[in-house]
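Student: Fit the two chains together into the complex; they arrive one by one in their own frames, and the hints show the way.
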Amino acid sequence: MGRGLGSAALLVLLGACGLPHSYVVLLPQEGGKSGAVEVTGDEGKTVIAEPWKAAGLSGGGTPKTVSKDEVQKTFGKALAAAPKEPARFILYFQSDTAELTPESRKRLPDVLAAVRERPVPDVDVVGHTDAAGPESYNDALALRRAQRISDEVVAIGVDRKVIEVGSHGKRDPLVPTRNGVHEPRNRRVEIIVR
Amino acid sequence: MMRRLLKAISVLWLASVGIGAADEPSVIGRVKNTGGQVSITRQSATIPGTAGTEVFQNDVIQTGDDGSLGVTFKDGSRIAIGPKTRIVIDEYVFAPREEKLSFVTRITRGTLLYVSGTIAKLAPDKTSFVTPSGTIGVRGTKFVVKVGGNQS
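Residue numbers (the numbering used here), protein chains in the order written: chain A, 1 to 194; chain B, 1001 to 1152.
So here's chain B without its partners, still in its complex pose (with noise of 0.2 Å):
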């Protein structure tokens, strides 16, 4: 029975958040917690991130040595980072009702895990995780990635 509740609410609550004015840049999720050092860049300034920071389309997040931080997503997504870490959110739609949606994340180096929101459920063919050798795809899930080695 509550599984089908929560079921029900996750299908529902597909529709019910959108974004704002398509020029306007747009929060899209918030980090909810930092371990160790943190740093966002977006466009050309680069902000220290803490819990409470808010996450936009095009932010690049880098970790240091000790860093680690974890960001929830308007759709529910969800994405951890541990340390040496660098990803970029390159693309970040939510808009069920006009059915605009995608996240394409991409990490150049370190650790990540990811677990799906309604995004990745509404439209998995525009969910990915780019990487310096290949790109993942996603079926509604939850996974950890780790670019390693020389690549950067």
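Isolated chain A (complex conformation) (with noise of 0.2 Å):
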């Protein structure tokens, strides 16, 4: 008798679909990972590893399964409101030039693309070199090679106002490899647009 009492005033405790006030849902994340979140609050710690799964936000407990439908009712406008996921391209470049491989040429109007799906673009461009050379070289190397792609994206469309342009030189290798040593794919820009 206890008991039952004790479960109905837990079941007005948790509101009608089972949760608390204050919770939080682990969701899963595109491209299939969805890691893990971790609630420290009075009442200890808990840890949610499976997505749709819930846990109040004072921690302890164990967390509860939430249907889609709950989450879309509850955070519907704010998973309306999540901005575009950020896209990235590399593009490589001729030996020691700022030239593009004609691969690498024909993503351009992709980069254009995903500016346009965007209101509000952000587009970080860095340039990239192998470790053959200086690094006082590299470094200016790659800065002509940033500054000749958001010249050429600019050319097809995109305001230059939105592109910040840097260099990393050798610094950033994408393969690793001994100083002086050419890699073709190490000769590169990278953009991000936001």
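Don't read these hints as lab results, they were simulated from the structure.
Wrong hints could be hidden among the right ones.
[Said to hold, decoys possible] Derived CB-CB ranges, DEER-like:
1. A:R171 x B:E1091: 22 to 28 Å
2. A:A49 x B:A1045: 22 to 28 Å
3. A:G61 x B:P1048: 37 to 43 Å
4. B:S1039 x A:N179: 50 to 56 Å
5. A:A49 x B:G1035: 47 to 53 Å
6. A:D159 x B:T1108: 34 to 40 Å
7. B:T1046 x A:S136: 46 to 52 Å
8. B:G1035 x A:Q94: 26 to 32 Å
9. B:A1045 x A:G76: 29 to 35 Å
[Stated by the list, open to error] List of simulated lysine-lysine pairs, DSSO-like, C-alpha gap at most 30 Å:
10. A:K73 x B:K1084
11. B:K1100 x A:K161
12. A:K106 x B:K1084
13. A:K161 x B:K1084
14. A:K33 x B:K1100
15. A:K45 x A:K64
16. A:K106 x A:K84
17. A:K106 x A:K161
18. A:K106 x B:K1100
19. A:K53 x A:K64
20. A:K68 x A:K53
21. A:K53 x A:K73
22. A:K84 x B:K1084
23. A:K53 x B:K1084
24. A:K53 x B:K1126
25. A:K33 x A:K84
26. A:K68 x A:K33
27. B:K1100 x A:K45
28. A:K45 x A:K73
29. A:K68 x A:K84
30. A:K68 x B:K1084
31. B:K1084 x B:K1126
32. A:K45 x B:K1084
33. B:K1100 x B:K1126
34. A:K53 x A:K33
35. A:K68 x B:K1100
36. A:K45 x A:K68
37. A:K84 x A:K64
38. A:K73 x A:K84
39. A:K161 x A:K84
40. A:K106 x A:K53
Please read all numbers here as calculations on a predicted model, not as lab measurements.
Here a beta-carbon is modelled for each residue, glycine too, at the ideal position from N, C-alpha and C.
Tutor: Printed below as a string of structure tokens:
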């Protein structure tokens, strides 16, 4: 009897759908892996490692399953306001030049499309080189590559004001090599469209 | 192949964006879209939040009864909030070259969606959401959180 009353009281506390007033729901992430969150509060610590599980923000207790409908009902406005996932591009260059490889040149329209899909885009364009040649030379070459790409995307319709150009020289190789090594995969510009 | 490529890019990307001079307030993100009533309080001034508005550390972002807003941060992290929500970006540092990374957001009421970016990938223990009743630690992920009831 006392037990029944306890459960009833608990149900009232948790509200209609079995969740407390304040809670977190882990969602599946684009690309599969959904990570985990850890809630730490007055009542202890709870780890949610499975999507569509919820836990109260006071910590303690076991995560509960929440339906997509419930999440949509409570969080619909926030979900609808989510900005687009940033788009990333790597464009490759011919050795010791700011000339794109023919394959990479074909990707420029995709960059433009990603910019156009976003009402207020931010674009980072960062140049890189392989490990052949001195650092100062490569810093300049990487910057030249980034500026060239910036010019090229501006020429096809991207507003220059949204672009930030940078150079990392040979310091951030995609494929780590010993100094002095020629590596086509490191001769590149990375573009992030946010 | 594509996934490997994307992973490689995101790993590289970590090193790609620094922040400005330490003492100068630097832009940490930009409002990408809004609906309804949205305001941003910076120091003592309050401005309406609209698509394109820049976001700085310590900004207080609030929505009205029908308000919503989405922000993309420099590291690719994204936050979106629903109606009757109040959040404060308590800490945002994205200087991977100097290994300085942190992202602490406070939500005092309402609903919020978070999708992790580079900071959470590189420094999961420096990424957290503070609520009136507990703290959410992030391990590279996407979640929604609601702070409701009588808490303020």
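Student: Work down the list of hints and note, for each, if the structure agrees.
Tutor: Each hint tested on the structure:
1. Between A:R171 and B:E1091 the Cβ separation comes to about 27 Å, which falls inside the hinted range of 22 to 28 Å.
2. A beta carbon spacing of about 42 Å between A:A49 and B:A1045 contradicts the range 22 to 28 Å that was offered as a hint.
3. The hinted range of 37 to 43 Å is satisfied by A:G61 and B:P1048, whose Cβ atoms lie roughly 40 Å apart.
4. Range check, B:S1039 to A:N179: about 53 Å between beta-carbon atoms, so the 50 to 56 Å window is met.
5. Distance hint check: the CB atoms of A:A49 and B:G1035 are about 33 Å apart, inconsistent with the given range 47 to 53 Å.
6. Between A:D159 and B:T1108 the beta carbon distance is about 37 Å. The supplied range of 34 to 40 Å therefore holds.
7. Hint check: B:T1046 to A:S136, Cβ distance near 47 Å, so the stated range 46 to 52 Å holds.
8. A hinted range of 26 to 32 Å is violated for the C-beta pair B:G1035 and A:Q94, which are about 47 Å apart.
9. The supplied range of 29 to 35 Å is met by B:A1045 and A:G76, whose beta-carbon atoms lie about 31 Å from each other.
10. Distance restraint check for A:K73 and B:K1084: the Cα-Cα separation of roughly 15 Å lies within the 30 Å cut-off, and the hinted pair is therefore satisfied.
11. For the proposed pair B:K1100 and A:K161, the alpha carbon gap of about 27 Å is at most 30 Å, so the pair holds.
12. A threshold of 30 Å between alpha carbons decides the hint, and for A:K106 with B:K1084 the separation of about 46 Å lies outside it, so the pair is violated.
13. Annotation: proposed proximity of A:K161 to B:K1084 is violated, straight-line Cα distance about 34 Å (limit 30 Å).
14. Annotation: proposed proximity of A:K33 to B:K1100 holds, straight-line Cα distance about 26 Å (limit 30 Å).
15. Between the alpha carbons of A:K45 and A:K64 the distance comes to roughly 15 Å, so the proposed pair stays at or under 30 Å and holds.
16. Of the supplied pair hints, the one linking A:K106 and A:K84 holds, its CA atoms being roughly 23 Å apart against a limit of 30 Å.
17. Of the supplied pair hints, the one linking A:K106 and A:K161 holds, its CA atoms being roughly 24 Å apart against a limit of 30 Å.
18. With a C-alpha separation of about 37 Å, the suggested pairing of A:K106 with B:K1100 is violated against the 30 Å cut-off.
19. For a cut-off of 30 Å, the pair hint linking A:K53 to A:K64 stands: about 5 Å separates their Cα positions.
20. Distance restraint check for A:K68 and A:K53: the Cα-Cα separation of roughly 10 Å lies within the 30 Å cut-off, and the hinted pair is therefore satisfied.
21. Between A:K53 and A:K73 the CA atoms are separated by roughly 16 Å; this keeps the pair inside 30 Å, and the hint holds.
22. Annotation: proposed proximity of A:K84 to B:K1084 holds, straight-line Cα distance about 23 Å (limit 30 Å).
23. For the suggested pair A:K53 and B:K1084, the alpha carbons sit about 24 Å apart, so the restraint of at most 30 Å is met.
24. The straight-line distance between the Cα atoms of A:K53 and B:K1126 is roughly 23 Å, inside the 30 Å bound, and the hint therefore holds.
25. At most 30 Å may separate the alpha-carbon atoms for a hinted pair to count; A:K33 and A:K84 meet this at roughly 18 Å.
26. Taken as a hint, the A:K68 and A:K33 pair is honoured in the structure, with Cα atoms around 18 Å apart against an allowance of 30 Å.
27. For the proposed pair B:K1100 and A:K45, the alpha carbon gap of about 27 Å is at most 30 Å, so the pair holds.
28. Between A:K45 and A:K73 the alpha-carbon distance is near 27 Å, which keeps this suggested pair within the 30 Å criterion.
29. The suggested pairing of A:K68 with A:K84 holds, with an alpha-carbon distance near 20 Å, which does not exceed 30 Å.
30. Distance check on the hinted pair: A:K68 and B:K1084 sit about 22 Å apart at the alpha-carbon level, within 30 Å; holds.
31. Taken as a hint, the B:K1084 and B:K1126 pair is honoured in the structure, with Cα atoms around 27 Å apart against an allowance of 30 Å.
32. Under the criterion of a C-alpha separation no larger than 30 Å, the hint pairing A:K45 with B:K1084 is consistent with the structure, at around 28 Å.
33. Restraint check for B:K1100 and B:K1126: the C-alpha separation of about 10 Å stays at or below 30 Å, so the hint holds.
34. Annotation: proposed proximity of A:K53 to A:K33 holds, straight-line Cα distance about 15 Å (limit 30 Å).
35. Distance check on the hinted pair: A:K68 and B:K1100 sit about 37 Å apart at the alpha-carbon level, beyond 30 Å; violated.
36. As the CA atoms of A:K45 and A:K68 are separated by approximately 25 Å, the hinted pair is consistent with the 30 Å bound.
37. At most 30 Å may separate the alpha-carbon atoms for a hinted pair to count; A:K84 and A:K64 meet this at roughly 29 Å.
38. With a C-alpha separation of about 21 Å, the suggested pairing of A:K73 with A:K84 holds against the 30 Å cut-off.
39. Note on A:K161 and A:K84: the hinted pairing holds, with a Cα-Cα distance of about 20 Å set against a maximum of 30 Å.
40. Between the alpha carbons of A:K106 and A:K53 the distance comes to roughly 43 Å, so the proposed pair goes past 30 Å and is violated.
Hints 2, 5, 8, 12, 13, 18, 35, 40 from the earlier list are contradicted by this structure; the remaining hints agree with it.
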